[in-house]
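Participant: Residues 1 to 258 in our numbering are what the sequence shown spells out, letter by letter.
If you are wondering where the hints come from, they were derived from the structure by calculation, not from laboratory data.
Errors might be hidden in some of the hints.
Claimed, not checked - Below, in silico cross-link-like pairs of lysine-lysine (DSS-like), each with a Cα-Cα straight-line distance of 27 Å or less:
no.	residue 1	residue 2
1	Lys-213	Lys-97
2	Lys-31	Lys-213
3	Lys-31	Lys-169
4	Lys-194	Lys-243
5	Lys-169	Lys-213
6	Lys-243	Lys-116
7	Lys-97	Lys-169
8	Lys-39	Lys-213
Stated by the list, open to error - Here are the computed distance ranges between Cβ atoms for each label pair:
no.	residue 1	residue 2	range
9	Asn-193	Lys-97	41 to 51 Å
10	Lys-97	Thr-234	50 to 60 Å
11	Phe-136	Glu-37	34 to 44 Å
12	Ala-203	Ser-167	15 to 25 Å
13	Arg-244	Asn-103	33 to 43 Å
14	Gln-45	Val-25	17 to 27 Å
15	Val-144	Glu-231	16 to 26 Å
16	Ala-203	Val-25	52 to 62 Å
17	Gln-71	Leu-179	49 to 59 Å
18	Asn-99	Val-171	18 to 28 Å
19	Glu-42	Asp-189	54 to 64 Å
Just so it is clear, CB atoms sit at the ideal spot from N, CA and C, and this is done for glycine as well.
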Amino acid sequence: MNAIRRAVLILVLLLPWRLKAQTDVDVIHLKNGSQFEGKILEYLQGSMLRLELRSGGEIEFREEEIGRIEQGWESSKTDRQETVSIPPPKGRAYAFKENGVYNATYFSTLSGSVNKDFQLGLGIHNVTGYQLHRVFGLGFGFGVDTYSFDNGETLYPVFAEARGYLSQKRVSPYYSGSLGYGFAFRNSDEFINKANGGLFYRAALGLRLGADKDTNVLADIGYQYQQAFFERRTEFQNEIEEKRLEFNRIAIRIGLIF
Numbered sequence: 001m002n003a004i005r006r007a008v009l010i011l012v013l014l015l016p017w018r019l020k021a022q023t024d025v026d027v028i029h030l031k032n033g034s035q036f037e038g039k040i041l042e043y044l045q046g047s048m049l050r051l052e053l054r055s056g057g058e059i060e061f062r063e064e065e066i067g068r069i070e071q072g073w074e075s076s077k078t079d080r081q082e083t084v085s086i087p088p089p090k091g092r093a094y095a096f097k098e099n100g101v102y103n104a105t106y107f108s109t110l111s112g113s114v115n116k117d118f119q120l121g122l123g124i125h126n127v128t129g130y131q132l133h134r135v136f137g138l139g140f141g142f143g144v145d146t147y148s149f150d151n152g153e154t155l156y157p158v159f160a161e162a163r164g165y166l167s168q169k170r171v172s173p174y175y176s177g178s179l180g181y182g183f184a185f186r187n188s189d190e191f192i193n194k195a196n197g198g199l200f201y202r203a204a205l206g207l208r209l210g211a212d213k214d215t216n217v218l219a220d221i222g223y224q225y226q227q228a229f230f231e232r233r234t235e236f237q238n239e240i241e242e243k244r245l246e247f248n249r250i251a252i253r254i255g256l257i258f
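Turn these sequences into a full structure, and let the hints guide you.
Facilitator: See below:
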């Protein structure tokens, strides 16, 4: 009986060491030569890996930092160990925020013709919205559009916008469409006594350049329409001139979204 008791006692004493030796541990080897041990909590292929360290803390790695992942037993050399090799990433990882709040700012050129004469205008717009899904988001924006610098024909559109991105790549086609109202105001410097705005809409197709989670470049081309009315007093003859206008413009824009 004493011999049996001693054997049981030895087994009880050795069991914790055996269990400790077979604790499941993941080893992350970085390309810079560093090595981290712990438990993988989250792994998003093409994006990031989150590891709980053996000390209890957590650390996050971008996939392009990782050279190799080992998953297996910590204990003896005879224990089975699985090695997963990650191929070198092709370019930076795709990390574009496909849902959530976004803010986009655009600078645009507005080109068209009036009475067969070419006119070039400029605009700046800002849009804040919420991307519900990669292919569909809604936002609200405002801007300033000058259609003619010579005549002081400037409008201030306020609009709703829909947008979406068509692929999960660093360079992705996207669409946007806006509908709203452009406000116009008196301008004594340009002898405009009365001004009314009107319907505003725009449709565009373009490219998102980059797939970072912070700031990306946008470039697009589209059609922009704006109604307006201006009543102007001529400078020398003191006559009243009324103009009901429909601006039809090709809009080329470049902007940033974050």
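Participant: Would you mind marking each hint as holding or not holding in the structure?
Facilitator: Quick rundown of the hints versus the structure:
Distance restraint check for Lys-213 and Lys-97: the Cα-Cα separation of roughly 5 Å lies within the 27 Å cut-off, and the hinted pair is therefore satisfied. This hinted pair checks out: Lys-31 and Lys-213 have alpha carbons roughly 23 Å apart, not beyond 27 Å. The suggested pairing of Lys-31 with Lys-169 holds, with an alpha-carbon distance near 24 Å, which does not exceed 27 Å. Between Lys-194 and Lys-243 the CA atoms are separated by roughly 10 Å; this keeps the pair inside 27 Å, and the hint holds.
For the hint linking Lys-169 to Lys-213, the alpha-carbon distance of about 13 Å falls within 27 Å, and the restraint holds. A C-alpha spacing of about 17 Å is found between Lys-243 and Lys-116, which places the hinted pair at or below 27 Å, so the restraint holds. Distance hint between Lys-97 and Lys-169 is fulfilled; the C-alpha atoms sit about 12 Å from each other, no more than 27 Å. For the hint pairing Lys-39 with Lys-213, the CA-to-CA distance comes to about 26 Å; that is within 27 Å, so the pair holds.
Range check, Asn-193 to Lys-97: Cβ separation about 48 Å, and the 41 to 51 Å hint holds. The hint said 50 to 60 Å for the Cβ distance between Lys-97 and Thr-234, and at roughly 53 Å that hint holds. One distance hint, 34 to 44 Å for the beta-carbon pair Phe-136 and Glu-37, holds here, with the actual separation near 43 Å. Between Ala-203 and Ser-167 the C-beta distance comes to about 20 Å, which sits within the given range of 15 to 25 Å.
A hinted range of 33 to 43 Å for the beta carbons of Arg-244 and Asn-103 is consistent with their spacing of about 35 Å. Take Gln-45 and Val-25: their Cβ atoms lie about 21 Å apart, and the range 17 to 27 Å holds. Restraint check, Val-144 to Glu-231: a C-beta distance of roughly 21 Å satisfies the suggested window 16 to 26 Å. Range check, Ala-203 to Val-25: about 56 Å between beta-carbon atoms, so the 52 to 62 Å window is met.
Checked against the hint of 49 to 59 Å, the pair Gln-71 and Leu-179 passes, with Cβ atoms roughly 53 Å apart. Look at Asn-99 against Val-171: about 20 Å separates their beta carbons, and that is inside 18 to 28 Å. With their beta carbons about 60 Å apart, Glu-42 and Asp-189 fall inside the hinted range of 54 to 64 Å.
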